[in-house]
Amino acid sequence: MKPSKQVNLKTLLVLLCLILLTVSFLYPLYYMLINSLKTRNEYFVNPFALPHEGLQLINYTTMISQFKILTLFKNTFIISAGTVILILIVGVLASYTFAKLRFKGKAVLFVAVLMTMFVPSQVTIIPLFVSFSKVGLVNTYLSVILAYLALFLPEAVLLLTANFRGILDEMVEAAEIDGCSYLQKIWHVIVPMGRAAIFLSIIFYFIMSWNDLFTPMIFLTRMDKRTVMVALAALMGRYSGTPTYQFAGLLLSAIPALIVYFIFQRNIIRGLSMGAIK
Amino acid sequence: MQINTRRRRVHIQAFLSLLPLILILLVLRVYPIAVAIGKSFTNWDGLFQSDWIGLQNYRDFISGGPFLMILRNTLILLLNVPLQVFIGLLIALLLYERVIGWKFFRAVIYTPQIISAVIIGYLFRIFFGFRGPVNIVLTAIGLQRLAIEWFGTPYTALAVMVISIAWYGIGWQAIVMLGGMSSINPSVFEAAIIDGANYWQRAFKIVFPMIIRVIEFGVIASGVWTLTQLFPFLHSMTRGGPGYETTTLDYMIYLKSFGFSFGINFGMACSIAVILLFIILALTLLEMRITNRAEMGRQR
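So the protein lines, in turn, are chains B and A. My numbering applies: residue 1 is where the first sequence begins, and numbers increase by one. My numbering applies: residue 1 is where the second sequence begins, and numbers increase by one.
Since the hints were made in silico from the structure, they are not lab data.
Derived EDC-like pairs: lysine to aspartate or glutamate, alpha-carbon spacing no greater than 16 Å straight-line:
id, chain 1, residue 1, chain 2, residue 2
1, B, Lys-134, A, Asp-45
2, B, Lys-100, B, Glu-173
3, B, Lys-185, B, Asp-169
4, B, Lys-100, B, Asp-169
5, B, Lys-10, A, Glu-97
6, A, Lys-205, A, Asp-195
For reference, chain A alone in the conformation it holds in the complex (with noise of 0.2 Å):
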């Protein structure tokens, strides 16, 4: 009797102290979820127009010009993730020597993460601008040729967003390696060092195995971020343009509804929105199968 009572008074608590949470979600996550579902069917203004159009949205989208730029400009941002994992492993790998001052040198490399991407993206715009810093140096070192006007071709934009994006990333990328390399035990290297390991066979055949979940991570979560966070590094370099030239699906989302430039069409943002749900759920199930298999082999 008295052990039911105090049951009942544990989940009375549970669920007042849960309930803030559950409502938040609800309210602010789920069902907004779920209009963004139902009126990617729709021609949805935000207003009064909202007609069930089936796929119309879809189809438009798939066919529309814009889908392939936006799949070539994806592809070629995405090339972000790779540079900036090799790097930020390297960085890595030196911060794990701890020589004098290695804190320091930790601190300042993760400084960009702190700086907003606003201004990171404004920096970059100025610093590869036409009249800007690289191309005065370049000119300086006899480079006159490659002392072009970045944002003028798409492709040279996107290269500089790139590089933005490594930049700011690698950081994060150098401190999260270093953490997984820290939980290697020490007298394995001891025992590598004993048998006449030299540094690079250290490196790649003891810290690489032992850290490629965490590369793994690495890898997957700066993808799942250049899928969705990319907006303020376009909006301050290009604005997605000249035309759809450098937009990305996040963008695009964004173009859609309140950029109004391209006029407004709420259902058509709510697809896209729709797609890089779908897409963001796929690569998220993927890394979970990655940290259960991990789990897995750990506990053997």
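If we strip away everything but chain B, and leave its shape as in the complex, we get (with noise of 0.2 Å):
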């Protein structure tokens, strides 16, 4: 009798430990929320209460207009798309290669795709800038691209190879047997055995191409080509005297991720734990 009230008393303290992180870590989420369906002014009465002038949804409204919220989402979600299918392109047939493939040279090889994983962008952004503006990628989605391709694929690479060496040979002898090409083998039997892997870099990568500042920043100038991000960094001082739309164009970029975040969770989560990837 008694230990079993030990572990009820126990479960409840470490379930109230939980609660209260859990509201510390949605609190502003929620304090975004509430003060971006508010005016100014109700906003600088009191910023906790909940809206009780009507919902202002001209907030929103006036930030998709203002922002052009929509030309932002197609640019960045046409960089995200494209690092991340190019990204499994690349990264699969080389990662196939690492686990799969016997060559002379495959280790030192691995080693030194891993090594150009650790340099920051800041290190390569100068002369990739300077270079880039020579041959006119500037301002092209391309140079975010590509640059970002630079950065995520040895990592790409260290997490699809781990979890492709986990394939069994058999399984690629027996498609070997059947008639299957190189790039047969590995559409009908590695992508398919290694999808967690690849929809685990699917979903992070993305995520990691959405919210990202410094280098659409410094690539993309032109208006029309910046990313949510860049656009947002611009425009939240411009509205530094009215927080309501400042929350309301916050909200607004935050929510694909979040969106993509909350479906695919799970997902995510087992990735991690696997300590695959930071």
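Both chains are sitting in their own frames, so use the hints and assemble them into the complex.
Here's what the structure looks like:
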């Protein structure tokens, strides 16, 4: 009788701590949401109260028209999707080679690829900018996509190779006997068997590219090419007197990544628990 | 003969499969790194001027006024690492109890990582603004003295940054440590419970030693992260100002190259980048050594 009571008390305590933590992690989001629906006056009178002068959807419509958010979403989507697709094509080909083929110098080459993973983007950005402006790549989506590819590929190759190693050699050999060509083997065996890691890369690098500020801020200076985060950074200063607009803008830019997360959060957390990604 | 042609085919396939990766890394990583190192000894402006000036950039940077400030700021900002590791570990211990709804809590605690650091920076800028909610609460509970202009002095501004960075990183720490804990064999726990170990004894005598490597990884990874990824936080909160009062190494590279207010000096920016590169390299080698030691320990 006694031990079970103790267990219940402990469970209750743990639960209480977790609920407190949840509140502290979700409160900023809630604060953004309620205040993005208020008038400026209402916000300065009491920022903690729920909106009571009717929902000010005008904050959002203003942001959408001033911010041209649909164009920004389009730009960011092209860059993020382009990055993810190219990472997968290049990454799967290379990772299959590292995981399943035997050739001289493989280990050295693999370590060399991983070594480039740790070089921060600030080191390469200046030479890249100068080279890109020489060949006319500045202010194109491709410039950002190429920079992301170089930045994310080593990590993606590490993740995919570790996963592909777990695929049984017999499966690949069986496909070979069935007459599959090299690329068919990858398409019919490796891709379906390694789908967990591939899926994780898609979600993860999509969110990473969506949220990044530094690279697109350097390479995209023209207004009509900007990504969401670059435009947001420029916009926030302009509306510093009207926090309600700011909240609407912040929330709008956060929503796409949050939606992706809440649909796929189980895959992301499973991948993280494997310790493969930072 | 047949084996030979087969091996040759494998080599060709391997070469062709790796070619795109190697080309991308050579052109977009290795070549720019070489350029950055080379140009760090010049007075490069990105256009016409690129004269060899030896170690002048390094000397100017290290003996210049901002250097000590940057050192101070970096050390203060690194305080977010113990903070997020400690809190992350506590949360992981809570989640490890697997109470009702722990998966939901786990998902919520990771949420800040999904929100762009730009958004988090602006959010904390508003929260700690002079008329922001933090000051309203402080005034309401009778602590008017503490309701200050947080971004008015470098130390308080840096403190807000440390809090916001820790808030952002805690979820990652907790998930990674939880992953490490999940690999502990449950029978060890059962044995400890039978031996009469209480909750804290179990946490500190069993869990802690077994995930010490995960903790080391968390410390180094978030240390490297602090040195290289603070751009969005700084850019949204203080822009490194006033002056260089809240600037770090990585933000300094930006200020010297693309932050037009301080004049363009690509050569100087490259030399700061090279310094950063070597710091990161040292930390990475340290991490690899720790990993190797752990692997060896496990084999034994």
